[in-house]
Amino acid sequence: MAIYLFDDTQVLVQGMTGNQGSFHTRQMVKYGTKIVAGVSPGKGGQELDGIPVYDTVAAATEKHRIDASILFIPAPFAKDAAFEAIEAGVKVLVMLPEHIPVQDAMAIMALAKSRGTIVVGPNTFGLVSSGKCKIGIMPNQFFVPGNIGVVSRSGTLCYEIVGNLTAAGYGTSTVVGLGGDRVVGLNFIDVLKEMEKDPETEAIVMVGEIGGSAEEEAAEFIKQNIKKPVIAYLAGKSAPPGKRMGHAGAIIERGKGTFDGKVKALNAAGVPVAELPFQVPEMIAKTLKK
Amino acid sequence: MKLYEYMGKELFAKYGIPVPEGGVATTSEEAAALTEKIGSVVVKSQILSGKRGKAGGIGFTDNPSEAREFAGKLLGSELCGLIVEKVLVEKKLQIDKEFYLAITVDGAAKKPVILASAQGGMDIEDVPEEHIVKMPIDVTIGMQPFMTREAVRRLGVTGPVGKQIAAILLNLYKMFSELDAELVEINPLVISGEDVIAADAKVTIDDDALFRHKDLPVVEERTDAEKKAHDLGLSYVELDGNIAVMANGAGITMATLDLIQYYGGAAANFLDAGGGAGEEQTAKALELLLSKNPKAILINIFGGITRCDDVANAFASVKKNMGIPVPVVIRLVGTNEEKGRQILRDTGIETYEFMHEAAAKAVEIARGN
Numbered sequence: 001m002a003i004y005l006f007d008d009t010q011v012l013v014q015g016m017t018g019n020q021g022s023f024h025t026r027q028m029v030k031y032g033t034k035i036v037a038g039v040s041p042g043k044g045g046q047e048l049d050g051i052p053v054y055d056t057v058a059a060a061t062e063k064h065r066i067d068a069s070i071l072f073i074p075a076p077f078a079k080d081a082a083f084e085a086i087e088a089g090v091k092v093l094v095m096l097p098e099h100i101p102v103q104d105a106m107a108i109m110a111l112a113k114s115r116g117t118i119v120v121g122p123n124t125f126g127l128v129s130s131g132k133c134k135i136g137i138m139p140n141q142f143f144v145p146g147n148i149g150v151v152s153r154s155g156t157l158c159y160e161i162v163g164n165l166t167a168a169g170y171g172t173s174t175v176v177g178l179g180g181d182r183v184v185g186l187n188f189i190d191v192l193k194e195m196e197k198d199p200e201t202e203a204i205v206m207v208g209e210i211g212g213s214a215e216e217e218a219a220e221f222i223k224q225n226i227k228k229p230v231i232a233y234l235a236g237k238s239a240p241p242g243k244r245m246g247h248a249g250a251i252i253e254r255g256k257g258t259f260d261g262k263v264k265a266l267n268a269a270g271v272p273v274a275e276l277p278f279q280v281p282e283m284i285a286k287t288l289k290k
Numbered sequence: 291m292k293l294y295e296y297m298g299k300e301l302f303a304k305y306g307i308p309v310p311e312g313g314v315a316t317t318s319e320e321a322a323a324l325t326e327k328i329g330s331v332v333v334k335s336q337i338l339s340g341k342r343g344k345a346g347g348i349g350f351t352d353n354p355s356e357a358r359e360f361a362g363k364l365l366g367s368e369l370c371g372l373i374v375e376k377v378l379v380e381k382k383l384q385i386d387k388e389f390y391l392a393i394t395v396d397g398a399a400k401k402p403v404i405l406a407s408a409q410g411g412m413d414i415e416d417v418p419e420e421h422i423v424k425m426p427i428d429v430t431i432g433m434q435p436f437m438t439r440e441a442v443r444r445l446g447v448t449g450p451v452g453k454q455i456a457a458i459l460l461n462l463y464k465m466f467s468e469l470d471a472e473l474v475e476i477n478p479l480v481i482s483g484e485d486v487i488a489a490d491a492k493v494t495i496d497d498d499a500l501f502r503h504k505d506l507p508v509v510e511e512r513t514d515a516e517k518k519a520h521d522l523g524l525s526y527v528e529l530d531g532n533i534a535v536m537a538n539g540a541g542i543t544m545a546t547l548d549l550i551q552y553y554g555g556a557a558a559n560f561l562d563a564g565g566g567a568g569e570e571q572t573a574k575a576l577e578l579l580l581s582k583n584p585k586a587i588l589i590n591i592f593g594g595i596t597r598c599d600d601v602a603n604a605f606a607s608v609k610k611n612m613g614i615p616v617p618v619v620i621r622l623v624g625t626n627e628e629k630g631r632q633i634l635r636d637t638g639i640e641t642y643e644f645m646h647e648a649a650a651k652a653v654e655i656a657r658g659n
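Same order as they appear, the protein sequences are chains A and B. 30 is the number that this note's numbering gives to position 30 of the first sequence; each next residue is one higher, with no gaps. In this note's numbering, each residue's number is its place in the second sequence (first place is 1) plus 290.
Keep in mind the hints are simulated off the structure, nothing from the lab. The beta carbon of each residue, even a glycine, is placed where N, CA and C say it ideally should be.
In silico DMTMM-like links for lysine to aspartate or glutamate, alpha-carbon gap of 25 Å or less:
#: 1; chain 1: A; residue 1: K264; chain 2: B; residue 2: E415
#: 2; chain 1: B; residue 1: K518; chain 2: A; residue 2: E98
#: 3; chain 1: A; residue 1: K30; chain 2: B; residue 2: E628
Pulled from the structure, derived: some chain B residues nowhere near chain A, Cβ distances all over 10 Å:
#: 4; residue: G343
#: 5; residue: T448
#: 6; residue: V451
#: 7; residue: L460
#: 8; residue: E510
#: 9; residue: L580
#: 10; residue: I614
#: 11; residue: R635
Produce the complete structure using the sequences and hints provided.
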């Protein structure tokens, strides 16, 4: 089954003819992703390895069923591209770019919500249903099919955890990168909900980090709603207090956001927390034996 | 980017939010002249720290020579670890009541949020939750007048003062959205008779949106080394330990720091290298890391797009051409890792497959064992 992405998911690449866009389009195709079209304004009529390129998303949707789109678009233009995809009816939008202005991100999320579009990111590596469909920039070789669902706020750290799992013989069902920005689309709770329902997922690994309150909110949700085993890994135990936290930010969180606070919240929800990456497969082994 | 109080107040004035009469002084003479003109004043040092008052950076007087003396003492001095370059000289307000008013980004709600309290003046962290009004704003409709009336009602204010607060809130949101702010905060918002005045200004502009605000002043908060890294497209932060750390990605960088601490060490600095692996960029990155005189350098690369042999070649040629004065420990996995490790072994740099092994080794070297 997997979640969000399946064997037959048809994918559009916005910004396909650029340096990153073309490189990763080829990587995704190599992984088995069905890339059916690309969009690059002014390049309509061209092809990339036989994949047709269009000037606009609307033009691509006239010719193809598009289930999902991925943006390889510089941050200043990402809002326009995201709006274009949402208005064309794309249901899963993966936003790789980092440094998207937070007000643009809020505008994108508001529109996506009103149109029923799922947004992944911004500032994410993407997501993958292992062995079926990969939309993102993660190294192909680590994402082998299996029964562990992984959801992460951080990119390379997620590779690290998935790499540790793969080395220990645990494959993954679906791996979702939520994105590292303050305002992102999918959050831990959205993904946990889907993984709970997914028959292919036996256990869930959450990869979190200090700052914000996403892990605390997830812990509260897990307590009430998730029956499958969940384990967490948290980065940032040793990090010095953040520089960017203003007064108003601090009060929204109200003592949340610290490493200890997150561990406490997760433990209270029955979620064991690994402090070092290599502890994750050990915990999974223990959990699945029970 | 945080703005100084006086910059925030200049923007407030532009957006129709009342601020006290006053001016900025860079010399003690200017401070005296402003006091002469205004009368009873408050002299406030302009630094990006919230603890100015407690540190002695704020004073009251109605005497120009006292203002001269106080400003002279502040200007050029160090306060909360920062150098005071300007003071703001403003009319002293008669304070009947103090409110708190702010708009910021609520990441969980994915929306801007109004934060308001009738208990202003003190640190908002110390105000009990039940005394804070929180109202998320739907960006598709923006701030509408009815929302400001509701916020004022929840604050428990009526009459002309309530009307003024509502008007300020409307302008504050306009400023928040037009300037791509992450935070606009007035604390305290002072009620002085019939007048409502912003006695302080804390404004943070979204760094990622600065490209469309070329007209805003530029405030530099980073150290020279941090700025240099930023210009190179790297993210660099200085700490207090003796192990220099370089990794690719924010999360894995934090995880590396955690491991160093786990083994009893401490990082001197860290650099998030992103995807770059050229010789020139590596050389510049090493130069930055060495600026804190570390005892060891720990490199943690999980190569996805980045190819391990490129990383290895870059380090090998930097070592050969320029030399690296301290021991380097590298953890290298991912694309072309075998090739990469062989290149480094040939140059005499130790490599590891697991990050915890590499971290343990770096801590051991830094201890001098």
